[in-house]
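Read off the chains here:
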Amino acid sequence: MQQLFWALGTVVIGVVGCAGYFYVSNLVLDTLLPGRGPDPVRAGRNINRANLIRPWLFLAPAILALGIYLVYPVIESVWLSLHDRSGQNFVGLSNYVWMLNDPGFRESMFNNMLWLLVVPAAATGFGLAAAALTDRIWWGNIAKSLIFMPMAISFVGASVIWKFIYDYRAPGEPQIGILNALVTWFGGDPQAWLTIPFWNNFFLMVILVWIQTGFAMVILSAALRGIPEETVEAAVLDGANPIQIFFRIKMPQIWGTIAVVWTTITILVLKVFDIVLAMTNGQWRTQVLANLMFDWMFRGGGDFGRGAAIAVVIMVLVIPIMVWNIRRANAEMKGH
Amino acid sequence: MEATPATKSPLTLVTHLTVLLLVALWTLPTAGLFISSLRDKDQLAVSGWWTALSSSSQSLQGRTGAAPDQKEENGVYVITGNLLGDTAGRVSAFGTTSREPEAYEAGAAADLGDGATLTVGEDGAYRLESPVPFESKRGQRVFVTAEQPPRFTLDNYREVLRSEGIGRSFVNSLTVAVPATIIPILIAAFAAYALAWMEFPGRALLIAAVVGLLVVPLQMSLIPLLRLYNGVAEVFGVPAKTYLGIWLAHTGFGMPLAIYLLRNYMAGLPREVLESARVDGASDFEIFTKIILPLSFPALASFAIFQFLWVWNDLLVAIVFLGAQDESLVLTGRLVNLLGSRGGNWEILTASAFITIVVPLLVFFTLQRYLVRGLLAGSVKGG
Amino acid sequence: MSAVTLTEVSKSYGSVEVLRNINLDIEKGELVVFVGPSGCGKSTLLRMIAGLEKISGGTLEIGGARMNEVPPAQRGIAMVFQSYALYPHMTVRDNMAFGMKIAKRPKGEIDKAVENAARILQLTPYLDRLPKALSGGQRQRVAIGRAIVRDPKVFLFDEPLSNLDAALRVATRIEIAQLKDNMPESTMIYVTHDQVEAMTLASRIVVLHGGDIEQVGTPLELYERPANVFVARFIGSPAMNMFPARVTAAGPDGTTVEIEGGGAVAVPIPGRAEDVGSVVKLGVRPEDLTLTDGPALYSGEISIVEALGETTLLYFTPEGGADPIIAKLPGIHRLGRGQTARLSADPAKLHLFDAEEKSYLYR
Numbered sequence: 001m002q003q004l005f006w007a008l009g010t011v012v013i014g015v016v017g018c019a020g021y022f023y024v025s026n027l028v029l030d031t032l033l034p035g036r037g038p039d040p041v042r043a044g045r046n047i048n049r050a051n052l053i054r055p056w057l058f059l060a061p062a063i064l065a066l067g068i069y070l071v072y073p074v075i076e077s078v079w080l081s082l083h084d085r086s087g088q089n090f091v092g093l094s095n096y097v098w099m100l101n102d103p104g105f106r107e108s109m110f111n112n113m114l115w116l117l118v119v120p121a122a123a124t125g126f127g128l129a130a131a132a133l134t135d136r137i138w139w140g141n142i143a144k145s146l147i148f149m150p151m152a153i154s155f156v157g158a159s160v161i162w163k164f165i166y167d168y169r170a171p172g173e174p175q176i177g178i179l180n181a182l183v184t185w186f187g188g189d190p191q192a193w194l195t196i197p198f199w200n201n202f203f204l205m206v207i208l209v210w211i212q213t214g215f216a217m218v219i220l221s222a223a224l225r226g227i228p229e230e231t232v233e234a235a236v237l238d239g240a241n242p243i244q245i246f247f248r249i250k251m252p253q254i255w256g257t258i259a260v261v262w263t264t265i266t267i268l269v270l271k272v273f274d275i276v277l278a279m280t281n282g283q284w285r286t287q288v289l290a291n292l293m294f295d296w297m298f299r300g301g302g303d304f305g306r307g308a309a310i311a312v313v314i315m316v317l318v319i320p321i322m323v324w325n326i327r328r329a330n331a332e333m334k335g336h
Numbered sequence: 001m002e003a004t005p006a007t008k009s010p011l012t013l014v015t016h017l018t019v020l021l022l023v024a025l026w027t028l029p030t031a032g033l034f035i036s037s038l039r040d041k042d043q044l045a046v047s048g049w050w051t052a053l054s055s056s057s058q059s060l061q062g063r064t065g066a067a068p069d070q071k072e073e074n075g076v077y078v079i080t081g082n083l084l085g086d087t088a089g090r091v092s093a094f095g096t097t098s099r100e101p102e103a104y105e106a107g108a109a110a111d112l113g114d115g116a117t118l119t120v121g122e123d124g125a126y127r128l129e130s131p132v133p134f135e136s137k138r139g140q141r142v143f144v145t146a147e148q149p150p151r152f153t154l155d156n157y158r159e160v161l162r163s164e165g166i167g168r169s170f171v172n173s174l175t176v177a178v179p180a181t182i183i184p185i186l187i188a189a190f191a192a193y194a195l196a197w198m199e200f201p202g203r204a205l206l207i208a209a210v211v212g213l214l215v216v217p218l219q220m221s222l223i224p225l226l227r228l229y230n231g232v233a234e235v236f237g238v239p240a241k242t243y244l245g246i247w248l249a250h251t252g253f254g255m256p257l258a259i260y261l262l263r264n265y266m267a268g269l270p271r272e273v274l275e276s277a278r279v280d281g282a283s284d285f286e287i288f289t290k291i292i293l294p295l296s297f298p299a300l301a302s303f304a305i306f307q308f309l310w311v312w313n314d315l316l317v318a319i320v321f322l323g324a325q326d327e328s329l330v331l332t333g334r335l336v337n338l339l340g341s342r343g344g345n346w347e348i349l350t351a352s353a354f355i356t357i358v359v360p361l362l363v364f365f366t367l368q369r370y371l372v373r374g375l376l377a378g379s380v381k382g383g
Numbered sequence: 001m002s003a004v005t006l007t008e009v010s011k012s013y014g015s016v017e018v019l020r021n022i023n024l025d026i027e028k029g030e031l032v033v034f035v036g037p038s039g040c041g042k043s044t045l046l047r048m049i050a051g052l053e054k055i056s057g058g059t060l061e062i063g064g065a066r067m068n069e070v071p072p073a074q075r076g077i078a079m080v081f082q083s084y085a086l087y088p089h090m091t092v093r094d095n096m097a098f099g100m101k102i103a104k105r106p107k108g109e110i111d112k113a114v115e116n117a118a119r120i121l122q123l124t125p126y127l128d129r130l131p132k133a134l135s136g137g138q139r140q141r142v143a144i145g146r147a148i149v150r151d152p153k154v155f156l157f158d159e160p161l162s163n164l165d166a167a168l169r170v171a172t173r174i175e176i177a178q179l180k181d182n183m184p185e186s187t188m189i190y191v192t193h194d195q196v197e198a199m200t201l202a203s204r205i206v207v208l209h210g211g212d213i214e215q216v217g218t219p220l221e222l223y224e225r226p227a228n229v230f231v232a233r234f235i236g237s238p239a240m241n242m243f244p245a246r247v248t249a250a251g252p253d254g255t256t257v258e259i260e261g262g263g264a265v266a267v268p269i270p271g272r273a274e275d276v277g278s279v280v281k282l283g284v285r286p287e288d289l290t291l292t293d294g295p296a297l298y299s300g301e302i303s304i305v306e307a308l309g310e311t312t313l314l315y316f317t318p319e320g321g322a323d324p325i326i327a328k329l330p331g332i333h334r335l336g337r338g339q340t341a342r343l344s345a346d347p348a349k350l351h352l353f354d355a356e357e358k359s360y361l362y363r
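Protein chains in written order, with full-length UniProt numbering: chain A, 1 to 336; chain B, 1 to 383; chain C, 1 to 363.
Derived by calculation from the structure, the hints in this document are not laboratory data. Hints are supplied without guarantee of correctness; some may be wrong.
Computed cross-link-like contacts, DMTMM-like style, restricted to lysine to aspartate or glutamate with a CA-CA straight-line distance of at most 25 Å [as the list claims (entries may be wrong)]: (1) C:Lys358 x C:Glu17; (2) C:Lys101 x A:Glu76; (3) C:Lys101 x B:Asp155; (4) B:Lys241 x A:Glu173; (5) B:Lys290 x C:Asp94; (6) B:Lys290 x C:Glu310; (7) C:Lys104 x A:Glu76; (8) C:Lys54 x B:Asp114; (9) C:Lys104 x B:Glu275; (10) C:Lys349 x C:Glu310; (11) C:Lys107 x B:Glu102; (12) C:Lys101 x B:Glu272; (13) C:Lys180 x C:Glu69; (14) C:Lys54 x B:Glu272; (15) B:Lys290 x C:Glu30; (16) C:Lys28 x A:Asp102; (17) B:Lys41 x A:Glu229; (18) C:Lys132 x B:Glu275; (19) C:Lys153 x B:Glu275.
Nothing here was measured: the structure is a model prediction, and the numbers come from that model.
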């Protein structure tokens, strides 16, 4: 409890500190270059000068935070990836050479590609289906809310939930995991799902799909509602049935949004770590890049060079999406 | 759409059923977890949560009374009692050997040899009869299969809160999440205003940079920041893993999304309102505090929810910057540990998991409106 | 003394020049309307006076003092925006008081000013409401009230009626006219693209086109003596008919022109001897054309008839695909498509424009 009060105290200090910074720095600027005064021409000149400085006052803390926590690490990671485990001695590209020859890395890369293929497609697909269907029924909003719910659950929490579903007991014992219960009910043999190589990847992906479908649904649903009603009505008059309307009229109008959803989930997939850590910790051939990096970072004293090299690979994979995003944002701003 | 005649077709029924299936698939996993966390741990271990409302069949062992308890009734020596004790239940079968624990139906008489018989009723009451006095000091071993009614209890929660450190972790999570949500909002709001409404060279470039940083994988940052933190800690002689450190880390990591969301929202505010304030004599600072901030409340709320959910649910940043020691573990970290150490104890795991997700779920259901709005602002603006 | 003086004012965005060498004097107590098609620079000019846009060249004076670099709040102006620009999170009272509060004026003074403005605009019952609880017309009145509270030297209106529906627009236009009558001392500058607003409200109109001032004058001056073809066609509806013609005789008493494919007419506008033989445009407003059995200025086959009851519009399609010729006749005429009509006009109401499209009157 005491800790909580202490935390609240820091919140107050932090907020007051931040607000104070903005207020005081602004005040100083206004005092040095007064914008009001007997001589309006001079005041105007002061205002123009102050307007050159003020944006940077407003931006400074944010730029500092972005610089320290995101920009510097990217540069530093590249630098570290060219050094040995302690980060002291330059080793050139040997970390990358090691990586290419490392079966663990190849396995992770393969699994990551698998994730990239399956999860965005599945989540977007389910999301689109859910969006299209829930918009047509009276209890659609409740349904949406429930499908959206896993979004609030942590990856670790979701992992526990699904581990419970995949729970395995020896044949003959009562199965308390619902998947094995169903399998035995249909007369099959219970399986230890998470230990079946290759296929266990899919059992992990299900979790992320389960979490992300709601996200896809919410955004695609808004996009579907943004479609001008007239185009749909025109299609009805042209004799199209609901399925034709969906695929021939609605879908083509929301391609842009589908792409946004797809790429957003793709980025998430590249960073996926918690689920693998909690479910299998990379055992049974389920390793992925982010977890592999974490392994090299901390297990056995840590190898910063190799960890950083893997981080750089993740970054490189993200760059195309980054470029695409920036272009899209620029185009949007020009259209403003 | 709903009322048009075209939708009154078999397709409507299919739609309803499909959505019902989707909703079931998306809620049952969580429901199962929640139900299980409330079940008696013995029942939880032997039957699936979907049977929670029906009685469960359990195999029990008991002993009858022994020689001192016998009475003589009409020349027959009798020992009576109840194998189930105080617990409610219904015996369906019993047996006297472990090889055949269900040899006899309830109510039937089991022949124990030497003319002795054992009868066990449905309520667990037994009657042991023999023409000769019982001599054994130990009672007869009896195996019964009993149907037990469902039992729900909060014991699992009491257990995890008290002895598994979940309570402590809950406080840790709160300590991390609240400041890490509030601090970035203020910083980002000022930056977003500058990027949305102030003219200065390099503005477009900065906006592009923010959009770019939006997707930088967190993993990139960990090693360099860990080194940086260690370095700073060494120089100032302070511990490297502190709450201040993790607050600042979350502030930095949340900054691109915060600026992006808030800037988009602020740029969408009507230009004329701002110009009107300028004509009214308001300075940039006054415009920001008196006009922009109050009008941006929905966007601020959206981001606050995002950031809170993200920080609360985060595992990686917490274990890297706060450490994995027992006293500093947050809920997600604790849960991962429990998964490792108490992998089979589902009563512990389900209750712990539910405590972990209950706060986000509450936030989610009460503030869903803002969450949706924020998602849309971040993704389909202008689309 | 002029309330507002613009001297050689210009505005450019990068290499794009949107306003060129604007010279204008606005007297105290005037209501000057800037009018022109969209993109003519009228709003930009207003925003430069307000201080919301930087002035690229020339000087702006308000009340005799140079204002180019002075911030908006200290120019002694108030502005009413097209979208009202009310602060959505403040009550009507706070909206109107905001400027004075920023200026840290005493509370009693603020209250008095707000109450006064509310009384003038009949907003007193709504003072504690939020803008979203008001109708469009009421919101626009609040915006005007906010300007009144500031007690400015110059009121600036940026298309204040464009967001209102047709009926409300007429009502609010009349209210603004009354407001001006009640405040004869105050100077107002009003931007609109609607020539009816311009004609009804203005004491003087400034017609802008492509970044230049085409003409400045009272509404009737612009109607009766347009300086060029642009103004002639912009003011009045339907637009003035333009007949290509050739000067056959010119003197101090008048100019005789021969309409291409039509008759000859003597126009009582002085000409010069060197004009003879030059190509000109003869302008006739549709409402000045009449049906005739005598010598016709123009005769042709009617292509469309629009009967509006109070007037009848006849459309003719001249050869060569030029703009249609329109005649606006009072009352009802039983004329049909395909019939031939002969039109003439009072020579005193004719306009002559030279090859540069400038009016003979202003040469």
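Handout entry: Unsatisfied constraints (hint numbers, rising)
Key = 2, 3, 4, 6, 7, 8, 11, 13, 15, 16, 17
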